[in-house]
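> Chains R and H, in that order, give the protein sequences.
Residue numbering for the first sequence follows this note's numbering, beginning at 1 and increasing consecutively.
Residue numbering for the second sequence follows this note's numbering, beginning at 1001 and increasing consecutively.
Note that these hints are calculated values from the structure, not bench results.
Cβ coordinates follow ideal geometry from the N, Cα and C atoms, glycine included.
Mixed in with the good hints there might be a few duds.
Restraint ranges, calculated between C-beta atoms of paired labels, are given here [as the list claims (entries may be wrong)]:
1) R:303 x H:1078: 20 to 26 Å
2) R:304 x H:1135: 52 to 58 Å
3) R:136 x H:1177: 24 to 30 Å
4) H:1135 x R:136: 45 to 51 Å
5) R:253 x H:1130: 56 to 62 Å
6) R:253 x H:1118: 56 to 62 Å
7) H:1056 x R:136: 52 to 58 Å
8) R:33 x H:1032: 44 to 50 Å
9) H:1035 x R:19: 55 to 61 Å
10) H:1056 x R:39: 48 to 54 Å
Pairs of lysine-lysine residues, derived as DSSO-like cross-links and limited to a Cα-Cα distance of at most 30 Å, are as follows [said to hold, decoys possible]:
11) H:1324 x H:1159
12) H:1220 x H:1277
13) R:53 x H:1118
14) R:45 x H:1324
15) H:1026 x R:53
16) H:1026 x H:1311
17) H:1118 x H:1075
18) H:1026 x H:1211
19) H:1324 x H:1311
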Amino acid sequence: MAGTAPPPVARPRANLPDRAFGATLTALGGGVFVVAGVIVLELSKVSGSSVTKMGLWHFITGSEWDPVRDLYGALPFIYGTLVTSGLSLLLAVPASLGLALFLTQMAPARLRSLISFPIGLLAGIPSVVFGLWGLFVLAPILRHDVEPWLSRTLGFLPFFRGPPIGLGYLAAGVILAIMILPTITTIAIEVLETVPGPLREAALALGATRWETIRISVLPHARAGIVGAVILGLGRALGETMAVTMVIGNSPTISASLFAPGYSLPAVIANEFAEAGGMQTSALAALGLILFGVTLLLNVVARILVRMSRKGPSR
Amino acid sequence: MLNLLLGAAILINGAGATFPFPIYSKWFSDYNKAHPEVQINYQSIGSGGGIKQITERTLDFGASDAPMNDEEMAKAPGIQHIPTVMGADVIIFNLPGVTELRLTPETLAGIFLGKIVKWNDPALTADNPKARLPDMPIAVAHRSDGSGTTYVFTDYLSKASPAWKAGPGTGKSVSWPTGLGGKGNEGVTGLVKQNEGGIGYVELAYANQNKLTVAELKNKDGQWVKPTLESISAAAAGVELPEDYRVSITDAKGAAAWPIAAFTYLLVYRDQADQEKGDALLHFLWWAAHEGQKTASALDYAPLPQPVVRKIEQTLRRMTVAGKAVLASGK
């Protein structure tokens, strides 16, 4: 990188338009922090009364959600958010990466544009359509075919037990996987395209097979970008509201079985906020703050992952 | 439109409940045709939002399905509830080959408490000797979003069953002992239609418009009743109305009364500050209680019974604009 940087030029004194432009950009950039700060501040202010009433620790670890008696615990929602997002990554990441590798490394150029088009289209479908599809098409398939089959073959695991309802963690995870697949695939394709041709050619010249080429020269170079793609997908999965609430069953319970109905943080906020009042509003704001925290935490972890993978690529 | 351009229109803003939105938008458009100088805007943002905004006086009127509670009333001194129309919850179910189902308060509460879990439970078969109730698990569906529909339903269950009152209680969202949550009437209907053995509650208007099969209930007088606009109006007739109209008409007396009925309200201040707007608003409320009622049934809302209309007339006559009564003599 250092070799390609332009030689330092003696900068003439910036004139007024330049300075104004610089100031505008700085203000816009700083605006992001201001907005984030105001959100946190406002949420903290509103959530104060419920968190004080329940106690912070009890609010986070409690599993009761009873607006009639003003008892609030966030654990079922945190659990549901993490389980469905995790499940969606588990399903979507291998598929997206495989697709991106196939399209950039193996497929003929014409096939590539043919397949990229519907992927892009998938990204543009509104989430309520995914939700409806999940409710009317996916859930019956899960209920009648997939879940009975899973419990027959893998029923010894606690994740695949219980009555097949169709709506629940599994349905939400699958829907989310479909929704984040285009995000991860598209970015992964962009990243894989930046791998310099000579790098691959060198590996091929050394007698590496196609898979070995991908493994030793393509993937290490693209690792940071791919992690970034996965993080963007995860961000979408964590915050998805409409599609999830339509298929997750909306029951604030915690169960190991993926067949069971659950709830997620964005879903309960969207469901209850409009008609909430008093303490309930405050508790929902606290859930928003927790969601904010979870997203922030995962972003920080992702940054660390990206940095680690930058240090150790292609020796 | 012309009035808007000329700046002559009196613009009245309101927001709140989603349930009466279809009839309100019809009323506002009808009223505007009859009185072109008055333009009424309404946003169906939910009862909670309507109460919040009228409390902060950012609107000219609010709208709510559930009456405001004492805490909310204390924050909005001088607020008046005006009933506009009535609605009801009905019980929908999905049992292959069964088109008629009778439920008592006890069995209904038992099902939603998760105590009665099979359709061939003796408590259910005893009331339904003719129907062939299958040996099938009951799949309960309820609303996942906070709603007036849930408030009315849980209000009824709290009256019908001590166990419900001591358990989940009454609210726009409650802690459900069993079942899946669906968003909106359409979400609950979807859950019930998809699951054989499903049962849920939706608004009568929604059930009628979608031709859903509904259950009969045993009312307070021990009669089996079907949910109709007449049986809903009958529920209001059997209740003594207080001055603020904040009254529950679930589990009402009367042989014909449907037990899960409720008023929906407009929320206005008893003394209107703005001369023009206040005047127009009071005249509109008068119109809604009379001419407006005629359009109610066509949109599947139950019209207010005559005694209630008489009482509203008294209330409206007592309301003032800048300290002066408007409707006192003329009407």
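> Each hint needs a verdict: does it hold in this structure or not?
Hint-by-hint comparison with the structure:
In this structure, residue 303 of chain R and residue 1078 of chain H break the distance hint of 20 to 26 Å, their C-beta atoms being roughly 55 Å apart. The hinted range of 52 to 58 Å is satisfied by residue 304 of chain R and residue 1135 of chain H, whose Cβ atoms lie roughly 56 Å apart. Taken as a hint, the range 24 to 30 Å holds for the pair residue 136 of chain R and residue 1177 of chain H, whose Cβ atoms sit roughly 27 Å apart. For residue 1135 of chain H and residue 136 of chain R, the Cβ-Cβ distance of about 27 Å falls outside the hinted range of 45 to 51 Å, so the restraint is violated.
Restraint check, residue 253 of chain R to residue 1130 of chain H: a C-beta distance of roughly 37 Å breaks the suggested window 56 to 62 Å. Checked against the hint of 56 to 62 Å, the C-beta distance between residue 253 of chain R and residue 1118 of chain H comes to roughly 21 Å, which is inconsistent with it. The hinted range of 52 to 58 Å is not satisfied by residue 1056 of chain H and residue 136 of chain R, whose Cβ atoms lie roughly 41 Å apart. Here the CB-CB span from residue 33 of chain R to residue 1032 of chain H is close to 47 Å, well matched to the stated 44 to 50 Å.
Between residue 1035 of chain H and residue 19 of chain R the Cβ separation comes to about 58 Å, which falls inside the hinted range of 55 to 61 Å. Separated by about 22 Å at the C-beta atoms, residue 1056 of chain H and residue 39 of chain R break the suggested range of 48 to 54 Å. Between residue 1324 of chain H and residue 1159 of chain H, the direct Cα distance comes to roughly 41 Å. Violation of the 30 Å bound is thereby established for this hinted pair. Restraint check: the Cα-Cα separation between residue 1220 of chain H and residue 1277 of chain H comes to about 43 Å, which exceeds 30 Å; the hinted pair is violated.
Simply put, residue 53 of chain R and residue 1118 of chain H have alpha-carbon atoms about 40 Å apart, too far for the 30 Å limit, and the pair is violated. Taking the CA atoms of residue 45 of chain R and residue 1324 of chain H, the gap is about 42 Å. The hint is violated against a cut of 30 Å. Between residue 1026 of chain H and residue 53 of chain R the CA atoms are separated by roughly 44 Å; this puts the pair beyond 30 Å, and the hint is violated. A threshold of 30 Å between alpha carbons decides the hint, and for residue 1026 of chain H with residue 1311 of chain H the separation of about 24 Å falls inside it, so the pair holds.
Our distance criterion of 30 Å between C-alpha atoms is broken by residue 1118 of chain H and residue 1075 of chain H, whose separation comes to about 46 Å. Annotation: proposed proximity of residue 1026 of chain H to residue 1211 of chain H holds, straight-line Cα distance about 22 Å (limit 30 Å). Distance restraint check for residue 1324 of chain H and residue 1311 of chain H: the Cα-Cα separation of roughly 20 Å lies within the 30 Å cut-off, and the hinted pair is therefore satisfied.
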